[in-house]
Each structure stands twice: as structure tokens, then as C-alpha cells.
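**Q** Residues per chain are reported as follows:
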Amino acid sequence: MNRMFAIVEREMRKFFRSPVLMVMSMMLPVVQLIILGNAYGGHIRGARVALVDHDHGPQAVKIREAFDAIASNIRTFTTIDYPNEVQAREDVRTGKVEAAVIIPSQYSRRVYAQDAPRIGLVVDNSDQFMSSAIEAQMQSLVQALDQPAIQPRLVKNIALQIVELYPYVEYMKFLLAGTIALAMYISVMIGGGMLYIDDKARGVHEGYLVTPITKLELVMGLNIAGSIKAVLAGISLTVIGSLLSGLGTIFHPAALLQLFLLILGASIAFNGMMFLMMVRVDDPLVPRAIFGVLNTLLFFPSGAVFPIAAFPRWLRAVAIVDPFTYVVHGLQAVLLKDGGFAAIRFDLFFLFTFGIGTLLIATSLFKRTL
Amino acid sequence: MSASINHSGPNAAPAAIQVAQIVKRYGDFEAVKGISFAVDEGEIFGLLGPNGAGKSTLIRMMTTLVPITSGRAIVAGHDVSRDADAVRRLIGVIPQALTSDQDLTVEENLSIYAKLYSVPRVQREKNIAEVLEAVDLSKWRGAQTKTLSGGMRRRLEIARGLVHDPRIFFLDEPTTGLDPVSRIAVWEMLNNLKKTRNLTMLLTTHYMEEADRLCDRIAIVDHGTLVALGTPVELKQSVPGSNVVEVQFNREDPLWNARLEQLPDVTEVQSQSAGVYRVLTSNGSRTTTQLVEMASGLGESLNSLSVQNTSLDDVFVHYTGRQLRDEQVKAVTFLMPPRPGAQP
Chain A
109 MNRMFAIVER EMRKFFRSPV LMVMSMMLPV VQLIILGNAY GGHIRGARVA
159 LVDHDHGPQA VKIREAFDAI ASNIRTFTTI DYPNEVQARE DVRTGKVEAA
209 VIIPSQYSRR VYAQDAPRIG LVVDNSDQFM SSAIEAQMQS LVQALDQPAI
259 QPRLVKNIAL QIVELYPYVE YMKFLLAGTI ALAMYISVMI GGGMLYIDDK
309 ARGVHEGYLV TPITKLELVM GLNIAGSIKA VLAGISLTVI GSLLSGLGTI
359 FHPAALLQLF LLILGASIAF NGMMFLMMVR VDDPLVPRAI FGVLNTLLFF
409 PSGAVFPIAA FPRWLRAVAI VDPFTYVVHG LQAVLLKDGG FAAIRFDLFF
459 LFTFGIGTLL IATSLFKRTL
Chain B
2 MSASINHSGP NAAPAAIQVA QIVKRYGDFE AVKGISFAVD EGEIFGLLGP
52 NGAGKSTLIR MMTTLVPITS GRAIVAGHDV SRDADAVRRL IGVIPQALTS
102 DQDLTVEENL SIYAKLYSVP RVQREKNIAE VLEAVDLSKW RGAQTKTLSG
152 GMRRRLEIAR GLVHDPRIFF LDEPTTGLDP VSRIAVWEML NNLKKTRNLT
202 MLLTTHYMEE ADRLCDRIAI VDHGTLVALG TPVELKQSVP GSNVVEVQFN
252 REDPLWNARL EQLPDVTEVQ SQSAGVYRVL TSNGSRTTTQ LVEMASGLGE
302 SLNSLSVQNT SLDDVFVHYT GRQLRDEQVK AVTFLMPPRP GAQP
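Residue numbers (my numbering), protein chains in the order written: chain A, 109 to 478; chain B, 2 to 345.
It cannot be assumed that every hint is accurate.
As the list claims (entries may be wrong) - Label pairs and their calculated CB-CB ranges:
hint	chain 1	residue 1	chain 2	residue 2	range
1	B	P68	A	I143	51 to 57 Å
2	B	P15	A	L393	44 to 50 Å
3	A	V347	B	D80	51 to 57 Å
4	B	D80	A	M132	44 to 50 Å
5	B	D80	A	V401	42 to 48 Å
6	B	L303	A	V394	54 to 60 Å
7	A	G465	B	G143	39 to 45 Å
8	B	T148	A	I428	48 to 54 Å
9	B	T70	A	L324	23 to 29 Å
10	B	T148	A	M135	25 to 31 Å
11	A	M135	B	P68	41 to 47 Å
12	B	P121	A	L324	19 to 25 Å
Stated by the list, open to error - Only pairs whose alpha carbons sit at most 30 Å apart, straight line, appear in this in silico DSSO-like list of lysine-lysine:
hint	chain 1	residue 1	chain 2	residue 2
13	A	K323	B	K127
14	B	K140	A	K122
15	A	K475	B	K34
16	A	K204	A	K170
17	B	K34	A	K308
18	B	K147	A	K308
19	B	K147	A	K122
As the list claims (entries may be wrong) - Negatives, chain A to chain B, calculated, CB over 10 Å:
hint	residue
20	Y148
21	H164
22	A177
23	I182
24	Q214
25	M238
26	A244
27	L352
28	L369
Read the hints as simulated data drawn from the structure, not as lab findings.
Just so you know, even glycine gets a beta-carbon here, dropped at the ideal spot from N, CA and C.
Using the sequences and the hints given, assemble the complete structure.
**A** Shown next as C-alpha cells:
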């Protein structure tokens, strides 16, 4: 045991003497949280919509008034008057405006005559996000226009009443779980994988191997140290990220315990996985080369940025074996939903089992000689 | 291959290291080809040879780092293959590269290694103080390793190898990369350690002078075989001719070699670059006189002339047919750039 703790002591002393690792493992996730969280999190505002009014009747005026209301309240878009439809369509195509609304001639008359009145909407569907937002806004506008002036005593339409369990979750808050997992992954890759192989290349391990340290003591020592570093990175990012995104969960003791267990499980799982991959590697270029590939392969299929339900079947299979998935699910359950132990039980089970399993395999593959 | 001179040490004490017909194969390549020798207690034993001769592989097999393909190595009374842990407890190893942690202090480096050998706390503190004194680094106990010079770092490595009080000390090229002053300081330190601690040391080197000044006995290794073994004096005496006359003629002539060989007392003539000839002779002063007379009779003048005793370099040439210096030049030419993260 003393020999194992000597390895842990060596790693931790080096870690605290060189804060660069800590800073580097936090830098990318924090920047990503701030940039992506703000970039994807907001509503569309200030889009330009061309308005071609061939009608100029009272019902067209009603539409214009609705547009003015949108422009001054929710501010999704403002309208610009266009004299002709061809020019408006061309400007949507070239990106001068984001969409065009066409009010055809005789529109008001058709409304009064209940003769299938139509409004045209031209959107640039190469930008799904923008076109969806404008379409949604126009749909609700048309729905409002469809409402009869005098409500019938018996409402025939079926209404969907939506109950949101949690307050509005901004994208930054949604992204936080993935960001914490990413910080721990980077810490494990740099503080574990890369340093491990660099030490091997420098001959440091040769120095260990001539001592009476056992294979298990050496592997455990390296992994305990790696896990401590990852836990520190995880805790730091949880605090920083929660403060940045305005989440107050970290101030609840029960949630703190759940978060700590998830971070500990994630650290052990990531370290086990990394050590299994690196146990027979000698070339310092290998961990550097696979760093980015592994990041993409583990982070994006985890549901950290996009729901797993939207993935094709093969990508869902990746998500099932990806430890990131369980870290992200667990952290989101605690940070956003206050789900309690019941919500993270399986995540914890998977992470600890995965971590211990990979470590046992790695230990059996570890070579006690050069 | 067995040694050409002898296998046993100068006294009858039990052998600290015994190696019998040891072989290391990597696929089809045989790095060590059946070497046998014994190192006595308290002896400094040198493995001398060029880069790639198999010295490091040999030392790695004896220190349990590399599995032995065939043959047997007994270190401190324990079989390296069967009882590796017992061997590890009794040996100290200084690898070729400087591997002490630069971010840690001198004391921390030593303390961590003492813990790896499970040295109890009180003993650990005592040992650290003693080895720091022995390598003259007591003043630098609290200094970060990155602030030390190359020579001091090498001394720290030596201290690290001694912190658990081993019986046998293995040093793989302990002075490679050091400047001449630091090199001499390390030699003096190793000599003192041998005297004060009664350590058995086995070191590898490709420096002739290092082997000559430090080692009680030397084994010359080349292409994975042991080509000669003996004390430095025995090895030098085994070479025909007790002196070397080094001469450079003003004008190069292919006939010089034959002319020099015909001089009385000359046992061997080695032609070197830039028209320099090394003439091995049993009588240096007489050969010098005759050589000058021969040159003057032919109307030739000499650029330089020197007489010296036979060196280990001559021994190496005698047994391997080429110079160690040439081997090193070749090896340096093919040195790979340092790996990322490698320490200077």
C-alpha cells in the first residue's frame, strides 16, 4: 500500500507544482460552455422579413398590425415592404432577408367570403433553425387570425395543455453536464494518458519497474492519482459552470453528494478506459493523435449537445457503451431536474462497473517488464 | 562467447553477480549471444562497448527489466528469472536517462523512491541525509530538481539509487552527456561510495577513460558477445606491444603501412584518417628513433609524432578489429531527435 501511495504522492506533487494542467483541462470546456451556451441558447431576434402586400385591404392591415406587435414585443422579426414578389423571393435566396410574406390580392375579400384565404411564406430552408423559428411565429399568427371574433359557446377544437415540470432551461444550463464531463475527460487524457506515456518514454517507468512495487500497486497508484485530478477538474467545473449558467443546485447538500458520486464514478470510468487504451502504448504521439477522435466519439453521441433519441440506430449503440452518456444523463438529472438517487442509480452503477472492469482488464494487460 | 582472459575476480569472495550463457533474442535478432561472467563482492565491474553492443540489454536482464531468453543470471544470490522481487530489493539501478522529476525537490525525489522500497520513516530520513552527504547535495535538499545542473542531477540519480541501501549498484552509462569536470566528479564520488559502503557496482560505459579509471575489471562487449575480460592492466598487457607511437607524415603514401610494419619491435600498424598511423610496439623509444631515421633517409618530414602507453582503445581495436571512437561517431550520426517530453 505504501508503494502505491508513493506513486499517488509523486503524481499529485507534480500536479500541484504545475497548475498548467488544471488550467488547460478547464480552458476548453469553460470556453465551450460560454460560447456554445450563449450561441445556441437564445431565441431568434431581429430577423428581416420582406412583406409584399398585393391586397391593401382591411384584413391585410390586420396582418400588418400583428407584424408590428411581433416587432415590438417578441421581436422575432421586423418587416420590410417590398413592391413585388419576384424581388422578395430573390432577396430571400441571396440572404438579404430571411423570409418573405406574400399577401395576395383579393385576400381581404376571400376572408370575408370565407373562400379559402391564403398567405404565402417564402423561407430559406437551408437554415433550419431560422426558418423553423419564423414558421413557428407565422403559424401562431395565422392561428390567432383564424380565431372567430365571437367565440362559440361550445369549443369544438381540441386544445393541448402543456405542463412544464421545470422552469425554462436555457441551453447553457443544458450544456453544463456535458461540459463537466468534457473537463474530466481532458484532465484524464492530459493528466493521465499523455503524462503516463511521456513518463514511459522518458524512462520514469523503468525506474519504477526496478523497485519491488507490484503490478497492481503501480496501476492503482497511477489510476488513483488520475482519478483525483479528474475529480478536482469535475468539482471545479461544476462550481464555475453552475455560477456561469445560474444554477443553484450546488448549494443543496443532497445534490452535492449526488454530484460528487457522479464525478467520482466518471473519473474512475474515464481513467479505466484511458488506461486500458494506453496500457501497451509506448509512443507519446499516440495519446495526442487519438485525443480529438476520442473526444468526438465520446462527447457528441452522449446526448450532451443533442438528444440521443434523434440519433440513427448505430449511433445509439455507441451512446449505450459510451461512459459520457451516463455522466451527462446523471449530471443533468441532478443539476436540472433534482431527480434524486433514483434518477442516477443506474448511471452510478454503470460508471463504477465500467471503471473497475476496464481497470481490471488493464491491470492484467500491464507488463511488469520492458 | 566466453572471455578471452579470465572469468573470475581477483579474490576468492563469493560472486555478487553470476551470469551464465545469457541470451536475449528479439524475434530473429540476437542482442546478447550467450555471455558468461561473474562479479565479486565489492568490485566495480565495467561493461565496455560501443552503442548497440548489447550492454544495456545485458544490464536490463540483470535488473529484471527485460526477460531473459535463455541462460541464467544470479544477482545477490537470487535467480533473476525466478525470484525477481528479491533481486529488486537488493539492487539499486541508475538508468541511462535522467529520470528524476524536475518539478519535485531533491528530497522529495529521494523520499518517493525510498517509499517505493518500503523503507520505514525513521530509516528513510537517515538514509536520505546520508546519501545526500555522500553525493554532496545536502545543501540542495530543498531545491527543485529543475534548478540543478546536469552533473548535480546525475548525482541525485545516484543518490536515488542508493536511498534504500542496496548491496549491488547497476549504472547504465552514468556519465553520458556530462561535461569533463562533472564526469570526473562522478568518478570520484563512485570511488568513495565503493570504499565507504562496500558496494558492488556494475556499470556500462563507452568511455575508455571511465572504464580505465573506475573499474577493477572490464568486460569488452561487441555485437552481443563478450570479447575480452580482465583488469585494465591485464587487458592492456594482452595486446602485443606495450607502447603506441602515433605519427603523421607530411606526404601521404600507400607504402607507409608496409614500411612501418617492417620496423623492428613493431607488432601492429593501424592506419587512421588524415594520414595518421598508430604503431604498436614493444619498445617505444627505439621505434621512434628508427621511424625518424627512416623518414629522414627517404627525404620525408613528419607533421607530428607522439609516444604513449597502450590504452583500452588499443585493446578494443585489438579484440574487435575497429575503433570504439568510430562506432560512436556512427551511432551519433543516427541519433533520433528527442521525443516530446524528453528531458535534456
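**Q** Next step is simple, just say for each hint if it's right about the structure.
**A** To see whether the hints hold, each was checked on the structure:
The hinted range of 51 to 57 Å is satisfied by P68 of chain B and I143 of chain A, whose Cβ atoms lie roughly 52 Å apart. Remark: the range hint 44 to 50 Å for P15 of chain B to L393 of chain A is upheld by a beta-carbon distance near 48 Å. One distance hint, 51 to 57 Å for the beta-carbon pair V347 of chain A and D80 of chain B, holds here, with the actual separation near 55 Å. Range check, D80 of chain B to M132 of chain A: about 47 Å between beta-carbon atoms, so the 44 to 50 Å window is met.
For D80 of chain B paired with V401 of chain A, a C-beta distance near 45 Å keeps the hint of 42 to 48 Å intact. Distance hint for L303 of chain B and V394 of chain A: a CB-CB separation of about 59 Å, consistent with the stated range 54 to 60 Å. The beta-carbon spacing between G465 of chain A and G143 of chain B, approximately 43 Å, falls within the hinted interval of 39 to 45 Å. For T148 of chain B paired with I428 of chain A, a C-beta distance near 51 Å keeps the hint of 48 to 54 Å intact.
For the hinted restraint 23 to 29 Å between T70 of chain B and L324 of chain A, the CB-CB distance of approximately 27 Å keeps it satisfied. Checking the proposed 25 to 31 Å range against T148 of chain B and M135 of chain A shows it holds: the Cβ atoms sit about 28 Å from each other. At roughly 43 Å, the beta-carbon separation of M135 of chain A and P68 of chain B lies within the given 41 to 47 Å, and the hint holds. P121 of chain B and L324 of chain A have their C-beta atoms about 22 Å apart, which keeps the hinted 19 to 25 Å range intact.
With a C-alpha separation of about 29 Å, the suggested pairing of K323 of chain A with K127 of chain B holds against the 30 Å cut-off. Our distance criterion of 30 Å between C-alpha atoms is met by K140 of chain B and K122 of chain A, whose separation comes to about 22 Å. Annotation: proposed proximity of K475 of chain A to K34 of chain B holds, straight-line Cα distance about 24 Å (limit 30 Å). For a cut-off of 30 Å, the pair hint linking K204 of chain A to K170 of chain A stands: about 26 Å separates their Cα positions.
Of the supplied pair hints, the one linking K34 of chain B and K308 of chain A holds, its CA atoms being roughly 28 Å apart against a limit of 30 Å. Restraint check: the Cα-Cα separation between K147 of chain B and K308 of chain A comes to about 19 Å, which is no more than 30 Å; the hinted pair holds. The hinted pair formed by K147 of chain B and K122 of chain A meets the criterion: a straight-line CA distance of about 12 Å does not exceed 30 Å. Taking the minimum C-beta to C-beta distance to chain B, about 36 Å, the non-interface status of Y148 of chain A holds against the 10 Å cut.
The beta carbon of H164 of chain A is kept farther than 10 Å from every beta carbon of chain B, the shortest such distance being approximately 72 Å. The Cβ of A177 of chain A lies farther than 10 Å from every Cβ of chain B, with a closest approach of about 62 Å, so its non-interface assignment holds. Every CB of chain B is more than 10 Å from the CB of I182 of chain A (nearest about 54 Å), matching its label as outside the interface. Under the 10 Å C-beta cut-off, the non-interface status given to Q214 of chain A relative to chain B holds; the minimum distance is some 75 Å.
Non-interface call for M238 of chain A relative to chain B: holds, since the shortest CB-CB distance, roughly 45 Å, exceeds 10 Å. Chain B leaves A244 of chain A outside its interface by the beta-carbon criterion, the shortest separation being 52 Å against a cut-off of 10 Å. The claim that L352 of chain A lies off the interface holds: its Cβ sits roughly 31 Å from the closest Cβ of chain B, which is beyond the 10 Å cut-off. Interface exclusion of L369 of chain A from chain B stands, the closest Cβ pair being 30 Å apart, more than 10 Å.
Of the hints listed earlier, there is not a single one the structure fails to meet.
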